[in-house]
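A.B. asks: This is what each chain is made of:
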Amino acid sequence: MSNLQQAMDPVYSLAVSPALHGRPRMCLAGKNSGLFLSDDAAISWTSIYDRLKLDALVPVLAAAFSPDYEGDHSLFTGVAGNAFLSESGGERWRGLALASPLPTISSIIVSPAYAQDGFLLYGTVEDGLFASYDRGMHWQSRNFGLMDLNVLCLAASPDYSNDGTLLVGTETGLFRSKNNARAWREVNLPFDYEPIFSSAFSPFYAADETIFAGTESHGLIVSHDRGKTWAELGSSAPQDVVISLFSLTTPQGGFGLVAVAENQVYYSPDAGAHWQLWNHTATIPQDISAAALLESNQILLGTGSGAIFTLPAD
Amino acid sequence: MEYLLNKPQSDPRHTAYQKQIVFQPDSGRAIFRGVNQVADLIRPTYGPLPHTVVNDRGFLNKDPEILDSGGTIIRRIPKISDPTANLGVMLMREMLKTVQDKAGDGTALAAILCQKVFNEGFRAIAGGVNAMRLRSYLESGLKSIFNDLDRQTQSIEGEEALAALALSICDDPPMARVLGEIFDTIGEYGRLEVRTGSSRNLTHDYYEGMYWDDGLISREMATDPVKMLVELENPAILVSDLEVDQPDELVPFMDKVLRSGATSLLMITRGITGQALVVLNHPQNQARLRVAGIKTIDPIGLAPMQKVEDLALLTGGRPILVGSGDKLSAVKAEDLGHARRVWADKNNFGIIGGKGSPRELRAHINSLRQAYRQASIYDDRLEIQKRIGRLTCGSAALFVGAEARGQIDARKELAERTAEALHVAMIGGTIPGGGSALLACLPALQKWLKRAEEPEERAAARILISALQEPMQVIAASSGYQPGLAVELAQLAGEGHGFDARSQKIVSMRAEGILDPAVVIKTAVQAGISTAALALTTDTLVLANRRYDNTPS
Numbered sequence: 001m002s003n004l005q006q007a008m009d010p011v012y013s014l015a016v017s018p019a020l021h022g023r024p025r026m027c028l029a030g031k032n033s034g035l036f037l038s039d040d041a042a043i044s045w046t047s048i049y050d051r052l053k054l055d056a057l058v059p060v061l062a063a064a065f066s067p068d069y070e071g072d073h074s075l076f077t078g079v080a081g082n083a084f085l086s087e088s089g090g091e092r093w094r095g096l097a098l099a100s101p102l103p104t105i106s107s108i109i110v111s112p113a114y115a116q117d118g119f120l121l122y123g124t125v126e127d128g129l130f131a132s133y134d135r136g137m138h139w140q141s142r143n144f145g146l147m148d149l150n151v152l153c154l155a156a157s158p159d160y161s162n163d164g165t166l167l168v169g170t171e172t173g174l175f176r177s178k179n180n181a182r183a184w185r186e187v188n189l190p191f192d193y194e195p196i197f198s199s200a201f202s203p204f205y206a207a208d209e210t211i212f213a214g215t216e217s218h219g220l221i222v223s224h225d226r227g228k229t230w231a232e233l234g235s236s237a238p239q240d241v242v243i244s245l246f247s248l249t250t251p252q253g254g255f256g257l258v259a260v261a262e263n264q265v266y267y268s269p270d271a272g273a274h275w276q277l278w279n280h281t282a283t284i285p286q287d288i289s290a291a292a293l294l295e296s297n298q299i300l301l302g303t304g305s306g307a308i309f310t311l312p313a314d
Numbered sequence: 001m002e003y004l005l006n007k008p009q010s011d012p013r014h015t016a017y018q019k020q021i022v023f024q025p026d027s028g029r030a031i032f033r034g035v036n037q038v039a040d041l042i043r044p045t046y047g048p049l050p051h052t053v054v055n056d057r058g059f060l061n062k063d064p065e066i067l068d069s070g071g072t073i074i075r076r077i078p079k080i081s082d083p084t085a086n087l088g089v090m091l092m093r094e095m096l097k098t099v100q101d102k103a104g105d106g107t108a109l110a111a112i113l114c115q116k117v118f119n120e121g122f123r124a125i126a127g128g129v130n131a132m133r134l135r136s137y138l139e140s141g142l143k144s145i146f147n148d149l150d151r152q153t154q155s156i157e158g159e160e161a162l163a164a165l166a167l168s169i170c171d172d173p174p175m176a177r178v179l180g181e182i183f184d185t186i187g188e189y190g191r192l193e194v195r196t197g198s199s200r201n202l203t204h205d206y207y208e209g210m211y212w213d214d215g216l217i218s219r220e221m222a223t224d225p226v227k228m229l230v231e232l233e234n235p236a237i238l239v240s241d242l243e244v245d246q247p248d249e250l251v252p253f254m255d256k257v258l259r260s261g262a263t264s265l266l267m268i269t270r271g272i273t274g275q276a277l278v279v280l281n282h283p284q285n286q287a288r289l290r291v292a293g294i295k296t297i298d299p300i301g302l303a304p305m306q307k308v309e310d311l312a313l314l315t316g317g318r319p320i321l322v323g324s325g326d327k328l329s330a331v332k333a334e335d336l337g338h339a340r341r342v343w344a345d346k347n348n349f350g351i352i353g354g355k356g357s358p359r360e361l362r363a364h365i366n367s368l369r370q371a372y373r374q375a376s377i378y379d380d381r382l383e384i385q386k387r388i389g390r391l392t393c394g395s396a397a398l399f400v401g402a403e404a405r406g407q408i409d410a411r412k413e414l415a416e417r418t419a420e421a422l423h424v425a426m427i428g429g430t431i432p433g434g435g436s437a438l439l440a441c442l443p444a445l446q447k448w449l450k451r452a453e454e455p456e457e458r459a460a461a462r463i464l465i466s467a468l469q470e471p472m473q474v475i476a477a478s479s480g481y482q483p484g485l486a487v488e489l490a491q492l493a494g495e496g497h498g499f500d501a502r503s504q505k506i507v508s509m510r511a512e513g514i515l516d517p518a519v520v521i522k523t524a525v526q527a528g529i530s531t532a533a534l535a536l537t538t539d540t541l542v543l544a545n546r547r548y549d550n551t552p553s
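Chains as they are written, first to last, in our numbering: chain S, 1 to 314; chain G, 1 to 553.
Hints in this document: simulated from the structure, not taken from any laboratory.
Keep in mind that this is a model prediction, so the values were computed, not measured.
Positions of the beta carbon are idealized from the N, C-alpha and C atoms, including for glycine.
There may be inaccurate statements among the hints.
Unchecked claim - Computed cross-link-like contacts, DSS-like style, restricted to lysine-lysine with a CA-CA straight-line distance of at most 27 Å:
#, chain 1, residue 1, chain 2, residue 2
1, G, LYS386, S, LYS228
2, S, LYS178, G, LYS97
3, G, LYS97, G, LYS386
Unchecked claim - Quick list of the computed label-pair ranges, beta carbon to beta carbon:
#, chain 1, residue 1, chain 2, residue 2, range
4, G, ALA511, S, PRO18, 42 to 50 Å
5, G, GLU488, S, ASN162, 39 to 47 Å
6, S, ALA273, G, PRO443, 54 to 62 Å
All chains should be built: construct the whole structure from the sequences, respecting the hints.
C.D. replies: As structure tokens, this is what we get:
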């Protein structure tokens, strides 16, 4: 386990940089006690909260790296009442001008083509979504079509630069935008499948039109037609509430899924058809609160009690 | 033969009503004239290359208007000068209004089918066929037609497909493109408002937030007196139809709200008046508890109760209703709703981030969608759409401009009609357009004709076979092509093929994006054939002629 463990200091968010040339990946952790940065793939951590220049300590609920971090050194973070952006690898931060009442940022999506389109989408606890199309200079509320403003999860299509497609999970269900968050339409979920706690696109979404979502009481569900129809993933799939869902390509040319629940991590090597435990031997904490994929065979987990650790796949 | 009947006069100030009774064959000829006058007026507006009708409005001191919608055209003709033919006109008028109300489009198709069925039926009856039996067989033939139309129905989605469908309805490429994008965004139940634009072009926008058309009760409640606007954060919300005029009830209620921890309050009421308003507006009281009062509840009609229901669900409050015996003094803190933000100005108020149960809200919206699908009247559907739009955080607006001022109204109406047709297409699906879906119904009718035994049955089958070819013939004729040849070539090419008026070729209609909303076609077919069948069995006309003071006619 890393050196970042304190009693009752929940980990709210974890983020991992893209692969960097000649050095380990960088990681961000948002906790009750602030913002922490690791430059050695989560072995050690340094508090960088004071760089946000906030008067008081507030929980850091969301964090993200630019997919082009090596080029633009951009990091993003959200707290209760504010959001910040750094273009200097975390050295200097600027607060973002969001509308009043000040929202509580709970999730962040950075466009896979951020270098070209500068698109950022912030989800909040009770104010819906805010989008920027110019690297955070200007922000607009983007809630057209949503039934409620409590954002639980966000996902961007791997082909976002072409299809402008995003997903947002809320208390009332799953919503999809095909026009870069300008408007949202409810995805046709069966009644009683909401709220949606996690969602993920297939890495081959443009071809296979596949989306996954984690529900509160019906486990994981999948659609193979861009959300028109849905099916539950079956008895071997995790039935717990999945708080984080990741898709990753496999060497065989297909893709796998990693599903993180509060007390276990599951892996499907075949796009959700069959499931197994990510790690059969390790003792898994019962209060996992955040997750990020460190490598294709390593996951970074944070807990409600404040621990952050990496869990390798079997 | 005619009879004049006088109503007995008990008071010389009363007018005398004279009735004129018209029997066969004059009645049949009169309806024939009326039906054909209307159909001949409207049928040229059918298809992708519609002709237009100019309506003189000089008697209103207005410019003539250019019309191409059958439903609109017929609304401009309350009566014609031929009193006997007028009843045929009235029959067509009611039919076309019903088609437009139900489906938003399809009036020209209904007129074409009605004319063809009526004319051929008229000839068949003159040849000895029984009118009532003929009517019965015509109506039974509808079942076979609907089966084939259902078989060809497919759902529509995606911006391109919606734009192509819009183009086939409005024949206005910029409008079709914009409507395609809008409907791909807002969905089949989304709310679209068509407004007059300030430029020559079409523009559109999406407006977030739920808002209603009721405003602040008093300027003193505004925090921005110039805009007369108030914005409250995390307010408590009273949703009611109470009339608040007694400070004795109001002050304890405000104390309860304060004790619940709220620092601001939105009161949705039937009105706040008298001393109660004075108390609310007092600066000291506003400093303790910021209150915005909305007068929204109109005591007449179902709509106010629906509004209260929506607001209560949205905010998680209990509706406080006079009819339930509720009083302001008995309202508890847990009866109040809540929201992240509210705003109000002199004309509207809005709620952002209502704190009602998300599950109940979703269930309510689903039930509204169900009600929308079942609503048969256009105004009812519009009202439900508004409610759904409010509850799903927004509406789209299309601003319509035109080259000349006089064209704006016509273009707006075209946009509204196209939008309505897109709504029904997205809900009910689409079929190949240009009359090709109707041609696909012929094989079943031809089989029916082969096995038909009675003369009325054979006549009905032949009439329907002939009628279903008429729409494509009209389109071909409008574009200068040979009508009969177009139909023959389309049938040879196979099901789903039709005549593309723009390219003057036989094409696969679905592949070319030439589609019709299934509900529109079915509504028009039902109305046209049923109305013609009814008209064929009309034997006698009773006309009302009004005379004043018993003056002989």
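A.B. asks: The structure should be examined with respect to each hint, and the outcome stated for every one.
C.D. replies: Each hint tested on the structure:
1. LYS386/G / LYS228/S: 25 Å, holds
2. LYS178/S / LYS97/G: Judged against 27 Å, a Cα distance of about 37 Å means the pair is violated.
3. LYS97/G / LYS386/G: 22 Å, holds
4. ALA511/G / PRO18/S: 42 to 50 Å: Given range 42 to 50 Å: holds, Cβ gap about 43 Å.
5. GLU488/G / ASN162/S: 39 to 47 Å: 45 Å, holds
6. ALA273/S / PRO443/G: 54 to 62 Å: The hint (54 to 62 Å, Cβ to Cβ) is violated, given that ALA273/S and PRO443/G are roughly 45 Å apart.
When held up to the earlier numbered hints, the structure conflicts with 2, 6 and fits the remainder.
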